Amino acid sequence: MSVNLSNYYVDGDPIADSSAPDVPLHETWDQRRFDANLVNPANRRKRTVIIIGTGLAGGSAAATLGEAGYHVKNFCYQDSPRRAHSIAAQGGINAAKNYRNDGDSIQRLFYDTVKGGDYRSRESNSWRLAQISVEIIDQCVAQGVPFAREYGGLLDNRSFGGVQVSRTFYARGQTGQQLLLGAYQALERQIAAGNVEMHTRHEMLELIVAEGRARGVVVRDMVTGEIETHMADAVVLGSGGYGNVYFLSTNAMGCNVTATWRAHRKGAYFANPCYTQIHPTCIPVSGDFQSKLTLMSESLRNDGRIWVPKEGGDTRHPRDIPTAERDYYLERRYPAFGNLVPRDVASRAAKQVCDEGRGVGPGGRGVYLDFASAIERMGRKAVEAKYGNLFEMYEQITGEDPYEVPMRIYPAVHYTMGGLWVDYDLQSTIPGLFVIGEANFSDHGANRLGASALMQGLSDGYFVLPPMISNYLADAPFEEVGPDHPEAVAAAEAVRSRIEKLLAVNGSRTVDSFHRDLGHIVWEYCGMERTEEGLVKAIDLIRELREEFWRDVKVTGTNEELNQTLEKAGRVADFFELAELMCIDALHRDESCGAHFRAEHQTEDGEALRDDENFAYVAAWEFGGEGGKPVLHKEDLVYQNIQMKQRSYK
Amino acid sequence: MNITLRVWRQPDSDAPGKMHTYQVADVSEDMSFLEMLDVLNEQLTIDGEDPIAFDSDCREGICGMCGLVINGLAHGPGKNVTTCQLHMRSFADGDVIDVEPWRAEPFTVIKDLVVDRSSFDRIIQAGGYITAPTGTAPEANSIPVNKADADAAFDAATCIGCGACVAACPNGSASLFMAAKVAHLGLLPQGQPERHSRVLDMVDQHDAEGFGGCTQIGECTAACPKGIQIDLISRMDRDVLSAIAHRK
Numbered sequence: 100m101s102v103n104l105s106n107y108y109v110d111g112d113p114i115a116d117s118s119a120p121d122v123p124l125h126e127t128w129d130q131r132r133f134d135a136n137l138v139n140p141a142n143r144r145k146r147t148v149i150i151i152g153t154g155l156a157g158g159s160a161a162a163t164l165g166e167a168g169y170h171v172k173n174f175c176y177q178d179s180p181r182r183a184h185s186i187a188a189q190g191g192i193n194a195a196k197n198y199r200n201d202g203d204s205i206q207r208l209f210y211d212t213v214k215g216g217d218y219r220s221r222e223s224n225s226w227r228l229a230q231i232s233v234e235i236i237d238q239c240v241a242q243g244v245p246f247a248r249e250y251g252g253l254l255d256n257r258s259f260g261g262v263q264v265s266r267t268f269y270a271r272g273q274t275g276q277q278l279l280l281g282a283y284q285a286l287e288r289q290i291a292a293g294n295v296e297m298h299t300r301h302e303m304l305e306l307i308v309a310e311g312r313a314r315g316v317v318v319r320d321m322v323t324g325e326i327e328t329h330m331a332d333a334v335v336l337g338s339g340g341y342g343n344v345y346f347l348s349t350n351a352m353g354c355n356v357t358a359t360w361r362a363h364r365k366g367a368y369f370a371n372p373c374y375t376q377i378h379p380t381c382i383p384v385s386g387d388f389q390s391k392l393t394l395m396s397e398s399l400r401n402d403g404r405i406w407v408p409k410e411g412g413d414t415r416h417p418r419d420i421p422t423a424e425r426d427y428y429l430e431r432r433y434p435a436f437g438n439l440v441p442r443d444v445a446s447r448a449a450k451q452v453c454d455e456g457r458g459v460g461p462g463g464r465g466v467y468l469d470f471a472s473a474i475e476r477m478g479r480k481a482v483e484a485k486y487g488n489l490f491e492m493y494e495q496i497t498g499e500d501p502y503e504v505p506m507r508i509y510p511a512v513h514y515t516m517g518g519l520w521v522d523y524d525l526q527s528t529i530p531g532l533f534v535i536g537e538a539n540f541s542d543h544g545a546n547r548l549g550a551s552a553l554m555q556g557l558s559d560g561y562f563v564l565p566p567m568i569s570n571y572l573a574d575a576p577f578e579e580v581g582p583d584h585p586e587a588v589a590a591a592e593a594v595r596s597r598i599e600k601l602l603a604v605n606g607s608r609t610v611d612s613f614h615r616d617l618g619h620i621v622w623e624y625c626g627m628e629r630t631e632e633g634l635v636k637a638i639d640l641i642r643e644l645r646e647e648f649w650r651d652v653k654v655t656g657t658n659e660e661l662n663q664t665l666e667k668a669g670r671v672a673d674f675f676e677l678a679e680l681m682c683i684d685a686l687h688r689d690e691s692c693g694a695h696f697r698a699e700h701q702t703e704d705g706e707a708l709r710d711d712e713n714f715a716y717v718a719a720w721e722f723g724g725e726g727g728k729p730v731l732h733k734e735d736l737v738y739q740n741i742q743m744k745q746r747s748y749k
Numbered sequence: 022m023n024i025t026l027r028v029w030r031q032p033d034s035d036a037p038g039k040m041h042t043y044q045v046a047d048v049s050e051d052m053s054f055l056e057m058l059d060v061l062n063e064q065l066t067i068d069g070e071d072p073i074a075f076d077s078d079c080r081e082g083i084c085g086m087c088g089l090v091i092n093g094l095a096h097g098p099g100k101n102v103t104t105c106q107l108h109m110r111s112f113a114d115g116d117v118i119d120v121e122p123w124r125a126e127p128f129t130v131i132k133d134l135v136v137d138r139s140s141f142d143r144i145i146q147a148g149g150y151i152t153a154p155t156g157t158a159p160e161a162n163s164i165p166v167n168k169a170d171a172d173a174a175f176d177a178a179t180c181i182g183c184g185a186c187v188a189a190c191p192n193g194s195a196s197l198f199m200a201a202k203v204a205h206l207g208l209l210p211q212g213q214p215e216r217h218s219r220v221l222d223m224v225d226q227h228d229a230e231g232f233g234g235c236t237q238i239g240e241c242t243a244a245c246p247k248g249i250q251i252d253l254i255s256r257m258d259r260d261v262l263s264a265i266a267h268r269k
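Here the protein sequences line up with chains A and B, keeping their order.
749 is the number that the working numbering gives the last residue of the first sequence; the numbers go up by one with no jumps.
269 is the number that the working numbering gives the last residue of the second sequence; the numbers go up by one with no jumps.
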């Protein structure tokens, strides 16, 4: 390596998870639950828990803790908890039910998760996720989630990328919506019962850490602009991922890193920020005005076949290109998994064929996803029943009918495996700050398998967090800390002065124009493929742009009103800081693994080449202070139940 | 293409609002309607004017956050689409387009095109759920569900709670929203124990919020981005009658 890494960060002490009990893997969760302290129901009412976010993780946690009897304060930036971005997940949720008798088991789901994550996840967490998966389906069915069923009335399953069993439960192409509505309805029931205090259109802008514990948050009422201080005995972040750092992603417009980033600045370590997943099946970009990208469920790869013309520059209509002149490149390169290879592999393969000049559609950044043979095999009606709403969505956006013309797809940023570092109890490096769902880093390693995000969100919210936060709260009462505590006052003051600063710049460029430029840099240099040279360049570019942002951004209006420009400005300011850390993390990780593909490290076939000797660890970054360098803490990954192998999907 | 927009501007819920006219040049037909508004807002910001406030989040038709009345139609001229899924190819060069917020008494305007839909959450709070505490639930396959019922429950459950049905209804009724939830849960075996109390409590809350009654006009179904069918309202009415008959 030619760059001097010490220019970018400093090494700190190693870090370890000390909360998973030292017992055989399959007993870990049961033992941990048994060891955990309980809180007497009468005392739960005296304990307040703040939860940020109302998605699958935050919503299910709020409903469950409210029902357990805790006093819950739940916040979301949307106008209703039902709108959290989990709602947009299409394909399904995994569970090791083995309803298909195809050899599935908890152990296999665990194995698939660790292998899919390219051996960069913690064994104990991944095992627990697989173990709990089974309970989630039972819980959701009891709530009335209308999963797809067979004619006999039993639940149906489909297969998904990266695995060879059929373990995905689904509700047409709207699984996330149905699961979220289940959690939302359970949450509304607790709101009505007075157990959960819901604050919609409120955004968390600062974490309050007092006397060594997370004790509250500062939020902004997005309608009136009022800065409010809320205190609690514990704080939970279920605020989702940071994919919008790329500007264009499949995330909702409002998804942001602010809650987790503010916590990071207060002492929570940020783990593996460079692990960002690019989803292979999204609708290609159509113009500069584009505000977001739309994902087409990966489940389409079950029946659709991906191809490009064998020769570059072939402008014939796809139906006029004979089979012999098509390259079904995934089926050719990976005969065992074919079109169902994991997301990172499928995405890079699409980029490669487009880089070779064989891409299709405007700009040549697209590949075909073709349903002609599925329609021939199953009939149009069966295809319609399975994928109808996805086909409609595609047609609305592109104006093309996928029953007649193959879809065009291209990879887009979709999910972030990185997030705040947590131990087995889902507790961050700040005592009393718990992090759940996509906001933490814990279960997916360097790459997440399809249909596993919904599983993790609900596993954390319904089943893992409740006993673990009770264990923490069993030590309460903690020191008396009110909104007049110096730390709480300082946090509210910091929020106010930051807002004033943003409003005072009064420059000449819009927030979106900065965000779009930042997104271009991160996508180009810290996207599907990274290089040392590119990352070094990206860090400089990000720093320059960030400096320009604070000098030249234009934020109209005032704080004391509904001000969407001000909201965006605060989020983009935090994305700048995160983007730099992502690039530093990607630069330091001088290997390829999962979604982190360093061009310098690949096999002869162009696959990710890991360096287990030097990089089999979680990189947990500590905030280095304003203008300071981040501090790297390594958590070694030890595999006792799985042998680390070169991933192969051939 | 070039478009003239007439947009409802209102600084806050207490201030009066009025229509303002804006010109938007060089609109691409591949833009979504909201992306066209983004472009206008970029220009307004540069000019130092207050950008137009409107709600949107997922921009793929599923979160239910967006919703504009476009030329008098909730979610505009498209069929089965939300505002965010409406593309400018549905319009022509030189068009004059009116853009207004959802209008109904319980949907207070917060600013410009942003309205308060918290009444929908309170209707769900009143009974739009199945009481199933988190814990060890019955094995998922222990209760088979007839596929036709499961599919019908799913169709009803696709409601995104956007409020277009209310905006479109001359009576300002939220009956379609409510009927969709009543059908979703009432079609499933898990939803039977609370079927009667659910529908009565939800209807009471609906009326208390100030929504109007249903007179079977059908504008709701026409505006619904998810194609929720009006016969669900009749189904809900039957449930109400049955619930009253069984009231103890």
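Bear in mind the hints are in silico, worked out from the structure with no lab data behind them.
Treat each hint with caution, since some may be false.
[Unchecked claim] Calculated lysine-lysine pairs in the BS3-like style (CA-CA distance at most 27 Å, straight line):
1) Lys-600/A with Lys-728/A
2) Lys-365/A with Lys-600/A
3) Lys-365/A with Lys-728/A
4) Lys-667/A with Lys-636/A
5) Lys-480/A with Lys-168/B
6) Lys-100/B with Lys-480/A
[What the hints assert, rightly or not] Only some residues are given here: those of chain B computed to face chain A with a beta carbon under 10 Å:
7) Pro-72
8) Asp-76
9) Glu-81
10) Pro-98
11) Gln-106
12) Val-117
13) Asn-167
14) Asp-170
15) Asp-176
16) Leu-221
17) Asp-228
18) Ala-229
19) Glu-230
20) Gly-233
[What the hints assert, rightly or not] The following label-pair restraints were derived from C-beta to C-beta distances:
21) Gly-487/A with Ile-265/B: 36 to 42 Å
22) His-267/B with Leu-253/A: 30 to 36 Å
23) Asp-116/B with Leu-644/A: 55 to 61 Å
24) Thr-323/A with Ser-111/B: 33 to 39 Å
25) Arg-431/A with Ser-111/B: 38 to 44 Å
All of these numbers come straight from a predicted model, not from anything done at the bench.
Ideal Cβ placement from N, Cα and C applies to all residues, glycine included.
Each hint tested on the structure:
no.	hint	in the structure
1	Lys-600/A with Lys-728/A	24 Å, holds
2	Lys-365/A with Lys-600/A	20 Å, holds
3	Lys-365/A with Lys-728/A	15 Å, holds
4	Lys-667/A with Lys-636/A	26 Å, holds
5	Lys-480/A with Lys-168/B	16 Å, holds
6	Lys-100/B with Lys-480/A	21 Å, holds
7	Pro-72	6 Å, holds
8	Asp-76	7 Å, holds
9	Glu-81	5 Å, holds
10	Pro-98	13 Å, violated
11	Gln-106	5 Å, holds
12	Val-117	21 Å, violated
13	Asn-167	6 Å, holds
14	Asp-170	9 Å, holds
15	Asp-176	9 Å, holds
16	Leu-221	15 Å, violated
17	Asp-228	17 Å, violated
18	Ala-229	13 Å, violated
19	Glu-230	14 Å, violated
20	Gly-233	21 Å, violated
21	Gly-487/A with Ile-265/B: 36 to 42 Å	38 Å, holds
22	His-267/B with Leu-253/A: 30 to 36 Å	31 Å, holds
23	Asp-116/B with Leu-644/A: 55 to 61 Å	37 Å, violated
24	Thr-323/A with Ser-111/B: 33 to 39 Å	36 Å, holds
25	Arg-431/A with Ser-111/B: 38 to 44 Å	41 Å, holds
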